[in-house]
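J.: What follows is each chain in one-letter form.
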Amino acid sequence: MGFLFSLVAVLVLVGIALVGVGGLGLKVLFGVIIPYAAVLTFFAGLVYRVVDWARSPVPFRIPTTCGQEKSLPWIKPNKIDNPCSTGAVVLRMVFEVLTFRSLFRNMKLDYREGPKIRYSSEKFLWLFAMMFHWAFLVVILRHLRFFTEPIAMWQQTLEHLDGFLEFNLASYAIGLPTIQLSGLVLLGGVSLLLLRRIVVPSVRYISLAADWFPLFLITGICLTGIVSRYVVRLDVINVKELAMGLATLHPVVPEGISVWFYIHLFLVCVLFAYFPFSKLMHLGGVFLSPTRNLVNNSRAVRHVNPWSYPVKTHDYHEYEDDFREEMVEAGLPVEKSLEEAQAEKDAAQAPAAPETQETEEKREE
Amino acid sequence: MAAKTPSPTVVGQIDHHPPAKGWMDTKPEFKPGNFLYAAKASALETVGLPNPRDWSPTDDDWKLPADWKGIVREGMAERLQRFRSFKLFMDICVRCGACADKCHFFIGSGDPKNMPVLRAELIRSIYRGEMKTAGKILGKLAGGRKLTEDVIKEWFYYFFQCTECRRCSVFCPYGIDTAEITIIAREIINLLGCNIDWIASPVANCFMTGNHLGLKPHTFKENIEYLLDDIEEYVGVRIEPSFNRKGAEILFVTPSGDVFAEPGIFTLMGYLMLFEHIGLDYTWSTYASEGGNFGFFTSHEMMKRLNAKMYAESKRLGVKWILGGECGHMWRVVHQYMDTLNGPADWLEMPVSPLTGTRFENAASTKMVHITEFTADLIKNNKLKLDPSQNDHIIPTFHDSCNTSRGMGMLEEPRYVLNNVCNNFVDMAPQVTRENTFCCGSGSGLNAGEYLEMRFRGGLPRANAVKRVHEDHGVNMLSCVCAIDRAVFPALMDYWVPGVGVCGLSELVANALVMEGQGEREYNLRGEENPSYKPPAEEEAPAEAGEEGEE
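Chains as they are written, first to last, in the numbering used here: chain A, 1 to 365; chain B, 1 to 551.
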């Protein structure tokens, strides 16, 4: 259900842009108003969500320790997987965010009759995820050239690196623009992730519309982007004029931009607007995860719970009152001898029955 | 009472393919062997938990409080505000499925709702359906569903089918920890009075008598005295420990499981012998006679209530620091929660080993040291006279407890100790040890008799790994540093890997200890003939071996 719904939803979005720009010519709406609204929603939503998470405190220090802790001086701690200092936490997070270290650990269950259980290395999810996320980052950085004038040195370098295949392909000969790897890797990554979700039965079983939709949406963005660049051969000058107009808050809508571009842009806008309300927020969430971003030093340094409150315990004196006779008989030391306890009890009972307490309480009220 | 458990061949036939029907349309079936008995009203009343009543999970009517939906919604909202972990874990899962085949209950049952991702979705779907606009409007399409009594039954079934072992969180790219979700889900259903007997009764016992077995002060002392008699008989040394003694240097706290049942009692005999051997100035407490904390399996508040007595007793007795015995979740609580819950323990001092002078800087604030750290330090500094050849007939492997591995990181210390008290230690494969270790299948309060089939299923991955070293290397002993492990492994091993015994680390230490004035060590602590015993003619040899063992 989620699969079909998401596919149709993305097709409908394509249709909306097609009709909106191609049929009705609403270029200002699709080229200016929607992009502004989407970007605004993205940033406002992102901040709102992160602040909302951050408002919930971290009452306990609960890192998942994945290696030797720092204990005795002659035992070598695993500083990354069981961080013993803030610096080590930073290192753990850097590896987590940039290399998906936890996913790299992944292994697959191999269950056979017997039963015989084995676990084999499983790196596909890690590989697909790395392809997808890194390519996405490069694509985004590359797109910044539309919003900057002049083009910075790092952008040019990035483009050269990204397009290094041009020497290997006969793109000059057939007159194609430089083939940029990132776009293709991104399409490959997103397709493989999509395929994995379809093919692996357990992953298909757990998938919701919220899992399919972003995959289809990003596939749509990749395809329209690739079509715009390599097939339609979009006039980049016009697109840059539009982008610079948006960036400088002096929006202009140049003529002669293909409808493919508007579809592409519209899908990107939907992604931006959808982002803060979806699981895509793992982008922000990964940094806040208390099982990863805390130092494992809770025995060495006290961690304070901001909402801690006093609780009812059964203290030693109540305990001794319950068992004093047995304790004395067993030769266990007691705080109050049997006689002392009896005397106290008599004293407490002598002046008064429960009524007095009740009347006292009433008086207080 | 408990159902007969099918044979390993039957239980071992597990299909890991999900069914055709979506998970929101399936309901758990409460069958003998796969669910836990309900908490008794009296247990809840003792500690003042809500909605005490007599009921059974197989009943149609669970006698929930009148406004149960409001209680759940409010309970969830409150916890979303209090725990960033809970809030974040509700929001950021991408359902990549990396965790899916990491759970021992999924591996052993094939039930898709035992995939950690789905276990969390059981509560996430309510979070979305009841608290999020998109879920309220779009329902199932947005992964949301409405709160019904069936949902509560499902939560009860599956959140008491998670041992809070954290294995999934090792593999999750965002560190989503199902233990955290289970802890909070249990907290929420506890608001409705839905707990299990095997947690609620120990909690009530622990609250009233200091330990979860409900051993009264004199019984606690007597039980230990029986073990002293055994030590005298088998080792030839009379030990006289103290109880509730003010002015001792150290308070020793261990799980009460070690006080009364095999093979835990042999571990306890090990502690007694070790402390005698080094002349430690320590005391037992009948009040703080439990390190294990079943409150942890009930709510954060209950954890705090039960944990409080350890610090309180250390203050009353005026000790300098606390030494803790071999236990899993006790150490999760001590390591990650205790100081926050009931600290700062200003009246205690930085733990210093009176034998070696080692300052336990890693416990500078909590002031509580693990017996294995303590022992490893003693061995490293040549403070123990050891004869590892006394363990020569034992080929041990080591089970890393979930809590000391993934909630602490004590991985090398036990191995160091093992390698010094035994000559034959064999480790299991890296995929199933250290941070990748598999749960015993009965942790977090699920070690009840009526739950045997499920426990055997949950324990299958661990047992299977033991089976491999048993077959390949002749391993005949599963050593561990956890009381629940010691309680549940004997049955699990008999079921899946007959021929493998179970022991605590300190038992192996004691086997190898050369006690001052000891008699012939013809018998081990279990009263069995010791195959590694050498007649007196070779008396000289062991002493040398002992020195070699020390590095």
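No wet-lab data here; the hints were simulated from the structure. Be aware that a few hints might be false.
To be verified - Restricting the straight-line Cα-Cα distance to at most 25 Å, the calculated cross-link-like pairs of lysine-lysine (PhoX-like) are: (1) LYS146(B) - LYS132(B); (2) LYS113(B) - LYS336(A); (3) LYS113(B) - LYS108(A); (4) LYS279(A) - LYS140(B); (5) LYS132(B) - LYS27(B); (6) LYS336(A) - LYS123(A).
What the hints assert, rightly or not - With beta-carbon atoms standing in for the labels, derived distance ranges: (7) LYS246(B) - SER85(A): 49 to 59 Å; (8) MET24(B) - VAL231(A): 18 to 28 Å; (9) GLY188(A) - GLY139(B): 29 to 39 Å; (10) LYS27(B) - VAL252(A): 42 to 52 Å.
Cβ coordinates follow ideal geometry from the N, Cα and C atoms, glycine included.
J.: Hints numbered earlier in the text: which of these fail when held up against the supplied structure?
T.: Numbers 2, 6, 7, 8 and 10 - these are the hints that the structure violates, sorted from lowest upward.
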